[in-house]
Amino acid sequence: MKSAPADASRRGGAARLVLMAGPVAFFGVFFAYPVVAIVRRGLYGDGGRRAGRILDVLGQPDVRHVLWFTVWQALASTALTLLVALPGAYVFARLDFPGKQVLRAVVTVPFVLPTVVAGTAFLALLGQGGLLDQLWGVRLDTTVWAILIAHVFFNYAVVVRTVGGLWAQLDPRQEEAARMLGASRFAAWRKVTLPALGPAVAAAALMVFLFTFTSFGVVQILGGPGYSTLEVEIYRQTAQIFDLSTAAALTIVQFAAVGLILAVHARTVRRRESALRLVDAAHTARRPRGAGQWGLLAGVLATIGLLLLLPLGVLVARSLDTPGGYGFAYYRALTSADGGTFLVPPIDAIGNSLRYAFAATAIALVIGSLAAAALTLPRPRTDSTGGTTSAGRLVRGLDALLMLPLGVSAVTVGFGFLITLDKPPLDLRSSWILVPLAQALVGVPFVVRTMLPVLRAVDGRLREAAAVLGASPLRVWREVDLPMVRRAMLIAAGFAFAVSLGEFGATVFIARPDRPTLPVAVARLLGRAGDLNYGQAMALSTVLMIVCAVALLVLERLRPAKASTGEF
Amino acid sequence: MTELKKVQGPPAPARAPARGPAPADGASALLRLDDATVRFGGRAALDAVDLEVARHEIVCVLGPSGSGKSTLLRAVAGLQHLDGGRISLDGHDQRGVPAHRRGVGLMFQDHQLFPQRDVGGNVAFGLRVRGVDRREQAEHVRELLALVGLPGAERRAVSALSGGEQQRVALARALAPRPRLLMLDEPLGQLDRSLRERLVVELRQLFGELGTTVLAVTHDQGEAFALADRVVVMRDGRIAQSGTPLEVWQHPADAFVARFLGFDNVVEAKVAAAGDTADTPWGRLRLPAGPRQGAAPAGGARHLLVRPAGVRLADPSDAALTCTVTARTFRGTHVALHLRPRGDSPGIEAACALREAPEPGAEVGVTFDPAEIVVLGGDLAP
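Taken in sequence, the protein lines are chains A and B.
Take 1 as the starting number for the first sequence in this note's numbering and just add one per residue.
Take 1 as the starting number for the second sequence in this note's numbering and just add one per residue.
Heads up, some of the hints might be wrong.
Claimed, not checked - Facing chain B, a subset of chain A residues (Cβ under 8 Å, in silico): (1) L462; (2) E464; (3) A465; (4) A466; (5) G470; (6) S472; (7) R475; (8) P483; (9) M484.
Unchecked claim - If you want the ones that stay clear, here's a sample from chain B, every Cβ over 12 Å from chain A, calculated: (10) R155; (11) E209; (12) Q250; (13) G262; (14) E268; (15) D276; (16) P308; (17) A319; (18) T322; (19) H334; (20) E363.
Don't read these hints as lab results, they were simulated from the structure.
Think of the CB as a built atom: it goes at the ideal place given N, C-alpha and C, for glycine as much as any other residue.
Chain A with its partners taken away, still in its complex shape (with noise of 0.2 Å):
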């Protein structure tokens, strides 16, 4: 008589574990073990007396430096994004203004952009020879200012979708109802809209504070020698010095302040699930009345086309600038294997990628399923007195854990996989397989992001319906969940793919020479001199920017008209 209870909550539990089984199984062997492996190696590989290490390590000048200029340029970063994208965010979210859809698209294909071609569009806008260098003889490489305004330009879309995707949600008539008990237009916003929108606005500033904390491609590329991330300290102490101890000392490092972020980042999302009065997000914009509220929108349009616009289209001028005028020669020259930089021709790294990307979004797609339906698993009830059980901690710890990968240094993944992945059972060293996992790793956090609210959000009420009708636990996620998520499938899927056709920190390390993906190809090309190259970087940076684009396009379309608050 007392066991009922007890029953189901066991087969929830059950449930849970089953569908766990396959992502825990993919992040322990294609996440934790590599991880961990280059970790040990480097701490403890040549005699076992280095567990001291890491604090050696962190007692060198060069690694003080790092470890500042990594955390000071993410806190600039940060500040500049939000004071940048803010006033995005409102626009976005308030004001109704021909071509918004689109214009919101386009916001966001800088996100999905690989860092690569970020910062090859920078390096044509701002480096040497650049749009600005060539007009007024200004140059911004290899100073921090680039890989300040290159970060806003990636992580604009985090803010404005993130913070205006809430904005758009709150009840305007709770300002209405704060300026009817007598606050003005400015104090009601401040008393009633500001605290509402506080945590998504820390959410928002803590994944653009985890983003260019951990940022690789663009500081690699725009910033000069004297700028150094952890993240690029770490690829030059395993690539180019091959002192791994250190290396490994510095992954732990990295680890541990991203493992902090992301606590941080779970107790402010949790906050922001406190209820709030959400609208339809169509009936709360208006168009714009008075000078100031053109005023903005202008502003931010310029910001727009200034920011996220120019780069790209100095990037595509410049793949067309030959010596000979404008024209396709560079678009040609990619298909020639001459140039000697490549043992193929460049063109055959679309191919690549896009065949790593696919199988990569399959893998993403499945693993990421698994774990978003297992945190939706209905949870046992929590007793009236508000306490929270250990199947909530959990799920809670699951969903941040999941995150993770987004945090880890690729080049740590990536040069794990090279050591671990080496022998049988597991020896996947030559085949292809072996990039596409690795670009499943950072594609399923997004998966499990986009999935979970949409998942989430479906009224356990309607599954309980369909199970009265006769609907068994399967023919209810079937029926029920299914048509509900499918856009959101699609819509995670298209991030995933965007995700791991720009994934370059690992990918660096483990593509097959032969078998260079895109971004790997365009890092080749900028690191030869010459003419020629530089053209040919640019023009395939352009294809690579296309492709992302399109398939953005093609997902913005699918965005469900109620979407949900846009987390990334």
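Guided by the hints, dock chain B onto chain A, whose structure is given.
Showing chain B alone in chain A's frame:
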């Protein structure tokens, strides 16, 4: 369905008892709860509830929010696990039987139509998951939609339906798999008043024709009385009273039920040993002659209910009790008067005809009609 002899037509709040089948005895009970208990944390949402529903019977569970009504339905549907006791359907213990194998229907308070399916897809859902073939499905859906008054609505989107239409589709969907027991959770809760009054009549008629066994919950007494053969009043997870609408209306079991039904004239009283009079804050009242209702002994401290219709106005000089009229509320057929007696005895509500209603502030004498006085059971805690 020939054994059904339900009288059709609009039921009045106080209609004759025993219109439906006789209250369940153990043998014919379709649904039977023994000692059913559900706890959330330390609180019992269902506290050792015993209940039987006979085949073809319409039972309405009535109670304020938080009284455990919805938990009762969810437990029977298999959506809420019991912490104790048992639930049997057709004599079979349902422990461990998942919701989709119980063969009961549940209509949710806010309908919970599947938004991505059209009306036909919603109604056919239960048939489809049972593997009924398509032609049969379509045929059945057509019949059901005609039955609930939405003929030909198969291809309409559920988002385009009005509240009343959604309610009809939800009903058709719940009826489609021919559940042995249909449960309704606040079936008319979100609809406006006139629609509610019309639909409740239609529902009763429909269930009568189909011979459906129904267990409904509502917080609206009018709805419960109009729909049910038998009303079960719940309080704090327990059953406070069970009986035909007329029985419950005429003889509320205790002060809680009386107040929940909207009676305000409930006072503590000392009933004389002879059982013919009672001392109240309003003076000594004569009690109705005849056998006492309720199991409690006649004499001693009890609660007394005086229906508003039993409060008669008189000239102040002719009556033992004098009151001031503090407010009048127009109720359509009559006027509800709020009276304040001298001293600090509790206020009285009286019903009086429109023409005779005195102005607020007027002094009136009050007498009581013994026929409209009920001695209530239960303990004295209000």
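Hint check:
1. L462: holds, 5 Å
2. E464: Constraint on E464/A satisfied, holds at 5 Å.
3. A465: Status holds, d = 4 Å.
4. A466: holds, 7 Å
5. G470: holds, 5 Å
6. S472: Holds. Min distance 5 Å.
7. R475: holds, 6 Å
8. P483: Because about 5 Å separates P483/A from the closest Cβ in chain B, which is inside the 8 Å limit, the hint holds.
9. M484: holds, 7 Å
10. R155: holds, 17 Å
11. E209: holds, 22 Å
12. Q250: holds, 36 Å
13. G262: Consistent with the label, G262/B stays out of reach of chain A, its closest Cβ about 29 Å off (over 12 Å).
14. E268: It holds; E268/B is separated from chain A by about 33 Å at its closest Cβ, greater than 12 Å.
15. D276: For D276/B, whose nearest Cβ neighbour in chain A is about 48 Å away, the distance exceeds 12 Å, so it holds.
16. P308: The claim holds: P308/B sits with its nearest Cβ about 38 Å from chain A, beyond 12 Å.
17. A319: Given a closest Cβ separation of 51 Å, the condition holds.
18. T322: holds, 47 Å
19. H334: H334/B clear of chain A: closest Cβ-Cβ about 40 Å, beyond 12 Å.
20. E363: Per Cβ check, E363/B is outside 12 Å of chain A; nearest 44 Å; holds.
Hint compliance for this structure: every hint is met.
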